[in-house]
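Residues 107 to 426 (my numbering) make up the sequence shown, in order.
If you are wondering where the hints come from, they were derived from the structure by calculation, not from laboratory data. Don't take every hint at face value.
Restricting the straight-line Cα-Cα distance to at most 16 Å, the calculated cross-link-like pairs of lysine to aspartate or glutamate (EDC-like) are [claimed, not checked]:
1) Lys144 to Glu359
2) Lys336 to Glu367
3) Lys336 to Glu310
4) Lys144 to Asp178
5) Lys339 to Glu359
6) Lys412 to Asp398
Ranges between beta-carbon positions, derived for each pair [unchecked claim]:
7) Asp404 to Leu366: 46 to 56 Å
8) Met107 to Arg318: 47 to 57 Å
9) Asp417 to Ala113: 37 to 47 Å
10) Lys369 to Gly127: 39 to 49 Å
11) Asp293 to Trp154: 17 to 27 Å
12) Asp302 to Pro136: 12 to 22 Å
13) Glu133 to Trp154: 25 to 35 Å
14) Ala414 to Pro167: 16 to 26 Å
15) Ala113 to Leu366: 47 to 57 Å
16) Glu131 to Gly194: 43 to 53 Å
17) Gly284 to Glu133: 42 to 52 Å
18) Arg258 to Leu121: 34 to 44 Å
19) Pro340 to Arg394: 31 to 41 Å
Quantities reported herein were computed from a predicted structural model and do not represent experimental measurements. In this text, a Cβ means the ideal position worked out from N, Cα and C, and glycines have one as well.
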Amino acid sequence: MFAAYAARIDRDQPLNGLELGERPEPEARPGWTTVTVKAASLNHHDLWSLRGVGLGEEALPMILGCDAAGIDEDGNEVVIHSVIGQSGHGVGPREPRSILTERYQGTFAEKVAVPTWNLLPKPRELSFEEAACLPTAWLTAYRMLFTNAGVRPGDSVLVQGAGGGVATAAIVLGAAAGLRVLATSRDEAKRKRAIDLGAEGAYEPGERLPRRVDAVIETVGAATWSHSVKSLKPGGTLVISGATSGPNPRFTELNRIFFLELKVVGSTMGSKEELEDLLSFCAARGVRPVIDSVLPLDRAREGFEKMAGGDLFGKVVLTV
Numbered sequence: 107m108f109a110a111y112a113a114r115i116d117r118d119q120p121l122n123g124l125e126l127g128e129r130p131e132p133e134a135r136p137g138w139t140t141v142t143v144k145a146a147s148l149n150h151h152d153l154w155s156l157r158g159v160g161l162g163e164e165a166l167p168m169i170l171g172c173d174a175a176g177i178d179e180d181g182n183e184v185v186i187h188s189v190i191g192q193s194g195h196g197v198g199p200r201e202p203r204s205i206l207t208e209r210y211q212g213t214f215a216e217k218v219a220v221p222t223w224n225l226l227p228k229p230r231e232l233s234f235e236e237a238a239c240l241p242t243a244w245l246t247a248y249r250m251l252f253t254n255a256g257v258r259p260g261d262s263v264l265v266q267g268a269g270g271g272v273a274t275a276a277i278v279l280g281a282a283a284g285l286r287v288l289a290t291s292r293d294e295a296k297r298k299r300a301i302d303l304g305a306e307g308a309y310e311p312g313e314r315l316p317r318r319v320d321a322v323i324e325t326v327g328a329a330t331w332s333h334s335v336k337s338l339k340p341g342g343t344l345v346i347s348g349a350t351s352g353p354n355p356r357f358t359e360l361n362r363i364f365f366l367e368l369k370v371v372g373s374t375m376g377s378k379e380e381l382e383d384l385l386s387f388c389a390a391r392g393v394r395p396v397i398d399s400v401l402p403l404d405r406a407r408e409g410f411e412k413m414a415g416g417d418l419f420g421k422v423v424l425t426v
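Required output: the full structure, derived from the provided sequences and hints.
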């Protein structure tokens, strides 16, 4: 079957390790289901895998991709929850959880096998392309907002780095849930797009906000950390799920954190139950993932190049 896969690890030039070509189809195994992939979406996780983060040389070649929607062996339209081993189903109770492609072949292929427990029904209201955007970036944003930030309708939220997959999802989900969303971006066009998606205001990174917020959604890391901390109300919550600009900020703002009793919460992915809730929320409220571009699988390299260069707003989707 045709697939996009990591053939080599290159920490400095990750796309040098990306290959497109034939790979073996998944083998049948107890407790697992083979899904015919209709659409899959790119995440920064895929780029980091090519750099060797979470993926060792011994596991190569590894088909990339952790998000997908498709058709199962019984003809049902399904969405894949990409955290393997969360429940023990299909892998045994002692295996630690992992994201698809860290141990098991991924979704950038004509077919992918996952534990049957990891499949959820695709709402009929969502296309395959839309549903394929949800299991990683959108699920991460959903958990950050509604589980770890604990915000309620009417609360204010700052989303750093509008344009990225998680940040874009947080703007759309927050606005749909009645939050007062502010956003930042270095790019004027992305700031305007954030407002179109429901943000009340969009600002340059580091710019003084009109008011402090109840929570900050942080995926940028070092470049925006100080601004994130300074933007919070006393007792506010900073939720972080990534650090695309680096993990070591110049100023940690520890005095402000303890004096104002701020909360800093790490967040990674989400549960199958949260994905089920996210799918239902999108179907019921008419919320749709923001898609930057849709490409056939044989043009996967173009999608990786867009993501690596930051030249996107929303998700890149590959169709099979």
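Checked hints:
Distance hint between Lys144 and Glu359 is unfulfilled; the C-alpha atoms sit about 46 Å from each other, more than 16 Å. Between Lys336 and Glu367 the CA atoms are separated by roughly 12 Å; this keeps the pair inside 16 Å, and the hint holds. Between the alpha carbons of Lys336 and Glu310 the distance comes to roughly 15 Å, so the proposed pair stays at or under 16 Å and holds. Restraint check for Lys144 and Asp178: the C-alpha separation of about 11 Å stays at or below 16 Å, so the hint holds.
As the CA atoms of Lys339 and Glu359 are separated by approximately 14 Å, the hinted pair is consistent with the 16 Å bound. As the CA atoms of Lys412 and Asp398 are separated by approximately 10 Å, the hinted pair is consistent with the 16 Å bound. Distance hint check: the CB atoms of Asp404 and Leu366 are about 52 Å apart, consistent with the given range 46 to 56 Å. The beta-carbon spacing between Met107 and Arg318, approximately 52 Å, falls within the hinted interval of 47 to 57 Å.
For Asp417 and Ala113, the Cβ-Cβ distance of about 25 Å falls outside the hinted range of 37 to 47 Å, so the restraint is violated. As the Cβ distance of Lys369 to Gly127 is approximately 47 Å, the hint placing it in 39 to 49 Å holds. Taking the beta carbon of each, Asp293 and Trp154 are about 23 Å apart, inside 17 to 27 Å as hinted. A C-beta distance of roughly 48 Å is found between Asp302 and Pro136, which places it outside the suggested range of 12 to 22 Å.
For the hinted restraint 25 to 35 Å between Glu133 and Trp154, the CB-CB distance of approximately 27 Å keeps it satisfied. Take Ala414 and Pro167: their Cβ atoms lie about 20 Å apart, and the range 16 to 26 Å holds. A hinted range of 47 to 57 Å for the beta carbons of Ala113 and Leu366 is consistent with their spacing of about 49 Å. In this structure, Glu131 and Gly194 break the distance hint of 43 to 53 Å, their C-beta atoms being roughly 26 Å apart.
A hinted range of 42 to 52 Å holds for the C-beta pair Gly284 and Glu133, which are about 47 Å apart. For Arg258 and Leu121, the Cβ-Cβ distance of about 42 Å falls inside the hinted range of 34 to 44 Å, so the restraint holds. Range check, Pro340 to Arg394: about 36 Å between beta-carbon atoms, so the 31 to 41 Å window is met.
Figure legend: structure checked against the earlier numbered hints; hints not met, in rising order: 1, 9, 12 and 16.
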